[in-house]
Amino acid sequence: MAGESGCGKSTLVNTLMINVKPPLHLMDGTITLDGNSISKMDRSMLKKKVWGILVSLVPQSALSALMPTKRIMDFIMDVIGHHMTVHNSDVASMAKKRFEELNLPGEALYMYPHELSGGMKQRAVIAVSTLLNPKLLIVDEPTSALDVSTQKQVLKMLVDLKKARIIESMIFVTHDIAVLRQIADQITIMYAGKIVESGPTEDVLYNPKHPYAYSLINAVVTPEPEVRKRGLTSISGEPPNLLDPPGGCRFHPRCPRAADKCRSIEPSLVRVEGSRFAACYYPY
Amino acid sequence: MGLFRRREIVAVNDVSFEAKPGEFLSLVGESGSGKTTTAKIILKLLQPTSGSIIFEGKNVWELRSLEELRWYWRQVHGIFQDPYASFNPLHKIDRVLYQVFSLIGYSGADGDSSVKEALREVGLRPEDVLGRYPHELSGGQRQRIMVARCYLLKPKLILADEPISMIDASARAGVVQLFLRLREHLATSIIFITHDLGLAYYVSNRILIMYKGSLVEEGSPDEVMEHPQHPYTKRLREDVPLLYKKWSEF
Numbered sequence: 001m002a003g004e005s006g007c008g009k010s011t012l013v014n015t016l017m018i019n020v021k022p023p024l025h026l027m028d029g030t031i032t033l034d035g036n037s038i039s040k041m042d043r044s045m046l047k048k049k050v051w052g053i054l055v056s057l058v059p060q061s062a063l064s065a066l067m068p069t070k071r072i073m074d075f076i077m078d079v080i081g082h083h084m085t086v087h088n089s090d091v092a093s094m095a096k097k098r099f100e101e102l103n104l105p106g107e108a109l110y111m112y113p114h115e116l117s118g119g120m121k122q123r124a125v126i127a128v129s130t131l132l133n134p135k136l137l138i139v140d141e142p143t144s145a146l147d148v149s150t151q152k153q154v155l156k157m158l159v160d161l162k163k164a165r166i167i168e169s170m171i172f173v174t175h176d177i178a179v180l181r182q183i184a185d186q187i188t189i190m191y192a193g194k195i196v197e198s199g200p201t202e203d204v205l206y207n208p209k210h211p212y213a214y215s216l217i218n219a220v221v222t223p224e225p226e227v228r229k230r231g232l233t234s235i236s237g238e239p240p241n242l243l244d245p246p247g248g249c250r251f252h253p254r255c256p257r258a259a260d261k262c263r264s265i266e267p268s269l270v271r272v273e274g275s276r277f278a279a280c281y282y283p284y
Numbered sequence: 001m002g003l004f005r006r007r008e009i010v011a012v013n014d015v016s017f018e019a020k021p022g023e024f025l026s027l028v029g030e031s032g033s034g035k036t037t038t039a040k041i042i043l044k045l046l047q048p049t050s051g052s053i054i055f056e057g058k059n060v061w062e063l064r065s066l067e068e069l070r071w072y073w074r075q076v077h078g079i080f081q082d083p084y085a086s087f088n089p090l091h092k093i094d095r096v097l098y099q100v101f102s103l104i105g106y107s108g109a110d111g112d113s114s115v116k117e118a119l120r121e122v123g124l125r126p127e128d129v130l131g132r133y134p135h136e137l138s139g140g141q142r143q144r145i146m147v148a149r150c151y152l153l154k155p156k157l158i159l160a161d162e163p164i165s166m167i168d169a170s171a172r173a174g175v176v177q178l179f180l181r182l183r184e185h186l187a188t189s190i191i192f193i194t195h196d197l198g199l200a201y202y203v204s205n206r207i208l209i210m211y212k213g214s215l216v217e218e219g220s221p222d223e224v225m226e227h228p229q230h231p232y233t234k235r236l237r238e239d240v241p242l243l244y245k246k247w248s249e250f
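Protein chains in written order, with our numbering: chain A, 1 to 284; chain B, 1 to 250.
One or more of the hints may lead you astray.
Residues from chain A shown here face chain B by an in silico Cβ test under 8 Å; the list is partial [claimed, not checked]:
| hint | residue |
| --- | --- |
| 1 | E4 |
| 2 | V148 |
| 3 | K156 |
| 4 | H175 |
| 5 | I183 |
| 6 | V227 |
| 7 | R228 |
| 8 | S234 |
| 9 | I235 |
| 10 | E238 |
| 11 | P239 |
| 12 | L243 |
Residues of chain A clear of chain B, computed beta-carbon distances all greater than 12 Å [to be verified]:
| hint | residue |
| --- | --- |
| 13 | T15 |
| 14 | S64 |
| 15 | M84 |
| 16 | K97 |
| 17 | L131 |
| 18 | D176 |
| 19 | I195 |
| 20 | S215 |
| 21 | I217 |
| 22 | V220 |
| 23 | R230 |
| 24 | G237 |
| 25 | G248 |
| 26 | I265 |
| 27 | E273 |
| 28 | Y284 |
Source of the hints: derived by calculation from the structure; they are not laboratory data.
Just so you know, even glycine gets a beta-carbon here, dropped at the ideal spot from N, CA and C.
Start from the sequences and build out the full structure, keeping to the hints where you can.
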């Protein structure tokens with residue numbers, strides 16, 4: 001799930017889990033997870049049956065959720081305790097096993113957060129989020145604050161989680177398109193609260209359909225000669241204020257292809273070919 | 001009880017390099033590499049424990065009079081990461097531009113038209129930004145105003161510390177272009193301080209890589225990416241996510 005800050009990607013993934021507290025409200029629509037409609041469930045049902053169990057979210061602020069005065073194992077006990085009554089020894093062995101499976105040192109379980117490096121903390125938090133083997137793991141900007149080598153370690157762990165079938169599917173939210181290219185099968189691009197394009201990663205990256213997706217992708221700068229040759233694209237203006245978005249297509253004020261239709265009627269997300277979708281009347 | 005132990009951290013260790021006129025250099029490193037400390041030393045914001053900064057034949061740390069310091073700060077200009085921090089939120093943005101005139105000792109009549117000209121050079125419409133307060137403008141606009149200052153100041157060397165990291169992705173390329181044009185129009189030397197190897201590769205004539213306070217690699221972008229010498233550079237190159245190639249061990 002890609003997009004610039006403010007596009008709504010974090011709000012979307014929290015809503016997907018019905019982690020919705022005022023002032024955020026779920027206005028309309030349904031959310032189906034593994035055949036179950038979860039949008040009408042109340043918080044206690046969600047805690048019992050969904051959160052951590054069907055779907056787990058590692059939010060952007062995950063590292064700050066770790067209490068500095070609690071060891072990792074205590075944090076785990078708290079988290080699991082929320083979902084079920086289990087014996088501490090069972091939780092401890094689950095945790096040890098999971099850490100082992102993910103090449104995390106068992107000693108980390110008995111350390112305080114400040115004793116662990118940023119990368120280790122992040123991997124520990126992700127490991128904890130998978131303890132009850134949720135089918136879907138959602139991670140929101142898990143590597144933005146990490147240096148590139150630590151980032152790669154965390155990404156490898158996420159890929160390993162899937163390979164080991166500990167989780168089945170993953171939604172990775174980030175502004176970093178090069179990271180998505182390395183691990184995502186499918187990319188969805190958001191702008192101003194809307195999904196503007198989605199499809200298989202390579203198709204979208206090498207041949208974007210939506211003008212915003214095109215600009216965003218061509219603004220990515222990696223140390224590759226192809227990028228130098230391609231040049232960098234920028235779009236004038238900035239994303240709209242969501243309190244008062246433009247009528248019609250939200251991107252039209254900045255779009256090089258905007259026409260009258262774009263300014264008056266909002267385009268829906270439609271299939272453009274195969275498994276590719278775009279919300280545009282004049283896709284490339 | 002309060003027992004203080006003073007620990008010394010060697011932030012920058014034996015770093016030596018040269019910037020030629022009109023050259024675009026990037027100092028690349030991750031946090032803790034010492035790149036920002038190096039930039040502050042060059043800008044005379046931090047004093048080195050040893051070593052010298054020679055600018056146009058003069059040792060910068062021997063400059064004493066206000067006259068000499070002003071000369072230096074006219075020639076060597078800093079642009080920082082947070083485009084909001086460079087502005088006083090209580091003043092209209094016009095101030096940062098007109099301030100330049102007192103720095104260069106200029107009180108000509110056509111100050112207004114110079115300011116408007118500089119704003120246009122950076123792709124801003126004077127009527128859109130003059131008279132506004134910093135919070136009324138976007139990060140990209142604020143950063144462009146900082147670059148507009150350079151059109152007024154015409155420094156010989158610009159040090160830009162992470163100039164685009166706090167700007168929206170869709171607006172970044174525009175600001176990058178501005179720096180390239182600055183160099184083209186004013187033959188200014190530019191030193192970019194950044195953690196972004198991709199950005200450095202794209203804009204620089206030469207890349208210098210810093211790791212834990214030391215300069216570990218130096219070369220053209222292609223040299224650094226194709227024939228890295230230092231293990232840190234090799235690792236960086238392997239770990240940076242690319243757009244056109246997929247990581248093998250995944």
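Results of checking the hints against the structure:
1. Because the closest C-beta pair between A:E4 and chain B is about 5 Å apart, less than 8 Å, the hint holds.
2. A cut of 8 Å between beta carbons decides the hint on A:V148: the least distance to chain B is about 4 Å, and the hint holds.
3. Given the 8 Å rule on beta carbons, the hint for A:K156 holds: about 7 Å separates it from the nearest Cβ of chain B.
4. For A:H175, the shortest C-beta to C-beta distance to chain B is roughly 6 Å, which falls under 8 Å, so the interface hint holds.
5. Because the closest C-beta pair between A:I183 and chain B is about 7 Å apart, less than 8 Å, the hint holds.
6. Among the interface hints, the one on A:V227 holds; its C-beta lies about 6 Å from the nearest C-beta in chain B, closer than the 8 Å criterion.
7. Annotation: interface hint on A:R228 holds; nearest CB of chain B at approximately 6 Å, less than 8 Å.
8. The criterion of a C-beta within 8 Å of any C-beta in chain B is met by A:S234, whose closest approach is roughly 3 Å, and the hint holds.
9. With a least beta-carbon distance of about 5 Å to chain B, the hint placing A:I235 at the interface is held under the 8 Å criterion.
10. For A:E238, the suggested interface contact is upheld, since its CB lies about 5 Å from the closest CB of chain B, less than 8 Å.
11. Because the beta carbon of A:P239 sits about 7 Å from the nearest beta carbon in chain B, less than 8 Å, this interface hint is met.
12. A hinted interface residue such as A:L243 counts as satisfied when its beta carbon comes closer than 8 Å to some beta carbon of chain B; here the least separation is about 16 Å, so the hint is violated.
13. Distance check on A:T15: its Cβ is at least 23 Å (rounded) from any Cβ of chain B, clearing the 12 Å threshold; non-interface status holds.
14. Non-interface status of A:S64 relative to chain B is upheld: no Cβ of that chain comes within 12 Å, the nearest being about 18 Å off.
15. Consistency note on A:M84: stated as away from chain B, and its beta-carbon is indeed over 12 Å from all of that chain's, at 34 Å minimum.
16. Under the 12 Å C-beta cut-off, the non-interface status given to A:K97 relative to chain B holds; the minimum distance is some 24 Å.
17. With a minimum CB-CB distance of about 24 Å to chain B, A:L131 clears the 12 Å threshold, and the non-interface call stands.
18. Listed as a non-interface residue, A:D176 fails to keep its Cβ farther than 12 Å from every Cβ of chain B; the least gap is roughly 7 Å.
19. Here A:I195 stays apart from chain B, with its beta-carbon at least about 17 Å from theirs, past the 12 Å limit.
20. With a least beta-carbon separation of about 6 Å from chain B, A:S215 fails to lie farther than 12 Å from that chain, contradicting its non-interface assignment.
21. The beta carbon of A:I217 sits about 8 Å from the closest Cβ of chain B, which is not more than 12 Å, so the claim that it is off the interface is violated.
22. For A:V220, the non-interface assignment is contradicted: its Cβ lies about 6 Å from the closest Cβ of chain B, within the 12 Å cut-off.
23. The Cβ of A:R230 sits about 9 Å from the closest Cβ of chain B, inside the 12 Å cut-off, so the non-interface label is violated.
24. The Cβ of A:G237 sits about 8 Å from the closest Cβ of chain B, inside the 12 Å cut-off, so the non-interface label is violated.
25. Every CB of chain B is more than 12 Å from the CB of A:G248 (nearest about 19 Å), matching its label as outside the interface.
26. Residue placement check: A:I265 keeps its beta carbon more than 12 Å from all beta carbons of chain B (closest about 24 Å).
27. Look at A:E273: its CB is around 22 Å from the nearest CB on chain B, clear of 12 Å, so calling it non-interface holds up.
28. Against the 12 Å criterion, A:Y284 stays outside the reach of chain B, whose nearest CB is about 17 Å from its own CB.
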